[in-house]
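First to last, the protein sequences are chains X and P. Residue numbers for the first sequence follow my numbering, beginning at 148 and rising by one. Residue numbers for the second sequence follow my numbering, beginning at 457 and rising by one.
Among these hints, one or two may not hold up.
[Stated by the list, open to error] Covered stretches of chain P, as calculated for chain X (at least 3 residues, CB under 8 Å): (1) 479-493; (2) 625-634; (3) 667-676; (4) 702-711; (5) 726-738.
[What the hints assert, rightly or not] Some chain P residues flagged as far from chain X (calculated, every beta-carbon gap over 12 Å): (6) MET586; (7) ALA661; (8) GLY698.
[Unchecked claim] Just a few of them, taken from the derived set where beta-carbon distance is under 10 Å, the chain P residues facing chain X: (9) THR679; (10) GLY681; (11) LEU714; (12) ARG741.
Calculated from the structure, these hints are not laboratory results. We put the CB at the ideal spot given by N, CA and C, even for glycine.
The residues making up each chain are set out below.
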Amino acid sequence: MPTDVTPMGDRAFLARFDDEDDARRWADAARARGLPGVTDVVLAYRSAAVIADPDRCDLDALEAALRGLTPGDAPAGAGALHEIPVLYDGPDLHDAAGRLGLATADLIARHAAPEYRVFAIGFLPGFPYAGYLPDALRGLARLERPRTAVPAGSVAIVGRQTAIYPVASPGGWHLLGRTPLRIADPEAGRFPLRAGDRIRFRSIDRDEFEARADERL
Amino acid sequence: MSLLVVDPGFFTTVQDLGRPGARAFGVPLGGAADREAMAVANALAGNAADLAGLEMTLRGGTFEARCDLGVALAGAGMEAAIVGAGGRRAVPVPGSATMRAGDRLVLGRAEDGARTYLATPGGFRTPAWMGSRSSETPWKAGDVLAAGPSRLASRRPADVVSADPSDPIRILPGPDWPLLADPGDLTRGPFRVDPRSSRMGLRLAGAPVAVAPTPERLSAPVTPGAVQAAGGTLLVLGVACGTMGGYPHVAQVIAADLDRLGRLRPGDAAAFRVVALDEARRLDREAREALRARASRIRWAARDDVG
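Start from the sequences and build out the full structure, keeping to the hints where you can.
Have a look at this one:
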């Protein structure tokens, strides 16, 4: 259950929760209800915004419907699971391992072990904020001098989170490697990763990286 | 079949109504910063409200028609004239006229706002992405925008008294309103619009706004009009803002006043006044109905003229 549903301006509502899982299930339920006039349901960590077109709905009725939603209304299933192959050859791999007090191979094994949850898509179209990292991998601050150009497909960590850059962009996260997959096609409006999905990284060698270059997720 | 950018002005982009429905993918809404002005320009061109026009910021620039081209202007007052073989003809804002092939449209500085819109019948046919031609990349001299050919009668629609820019911008308490040490910090104002402002957001200079510290705050969804308190400074997010934000979201500009954010210039004063939710909804409904009625009157007149 949301801890609260508050108006976010006069055309949107924000529901907030005590944990990420409740927020995700509530957002799923809100999407599944297909409420009239709703243009966007945006999930981010422990909150979800529902944005409406006032020409197409009664906002009071929408608010009442949202207050009545419970995470249990969500369709069954735990979010799509995506496997992301990664060639762990990033420019920050050794430095990050050193800062964390781990052998490089250990960093790779630990990064590729868990199933992560995508908590939000933002910063860039299709950029997944995922987590949370295992304890041994947590705590790296953002780079003091962010890169002006991080290549598309870069897999990175900061704090307790991990992410994949869908397109080349500036960035301040620690780059561990890169996936050959195109995790989004912004040009075509194709964004296969959604907030609430799960991802798991798998270490691959250079041959597999090259064989799968530019493959779509 | 195009318009050549001779001088792009200060910051000129193509805008429409943006990309609603794509926020879940991290795609900003975008579109015109002053949607009312854009709707009036489109109506003057005989267009539906969602066609793409030019958004000119602070200074208009110079554009050359490569074919006969109807042009319609609305938004901030700006000196505008068509210069060509036929001499020099002033174009009022709001107003419309036809450029002959080879004519230049010469625009001055925005006089009473920040943004002036240029629409043309059928809209500018620049590249679309995810259902919108809205772009954050300004045009450069030498760029060519596909448009026309078309014609528009020389017209000046009846003026409409719009909001007094010095009236406070109306806000609703935001999700993090309770974090404010003193809500009066927001409303005592006024603040001043910092030059480091853009379509992404307005930065406001003024007395500090204190909020309770939230070291572990997780990012949450935001929309244009979100008022954030960032280290004592206020940010008011604009139409091109990202889909989520990390700063305390203390207030939200009401929908009826969002366009006013797009009219503020660096150095302008900005004050806030809190209203009730039902009043905000009523003002939004009235503003939408009034604009729809006004745009359809202007549009039918424009189409009649073309005959």
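Hints, one by one, checked against the model:
no. : hint    : result
1   : 479-493 : holds (count 5)
2   : 625-634 : holds (count 3)
3   : 667-676 : holds (count 3)
4   : 702-711 : holds (count 5)
5   : 726-738 : holds (count 3)
6   : MET586  : violated (4 Å)
7   : ALA661  : holds (24 Å)
8   : GLY698  : violated (6 Å)
9   : THR679  : holds (6 Å)
10  : GLY681  : holds (6 Å)
11  : LEU714  : holds (9 Å)
12  : ARG741  : holds (7 Å)
Consistency note: the structure conflicts with the earlier hints numbered 6 and 8.
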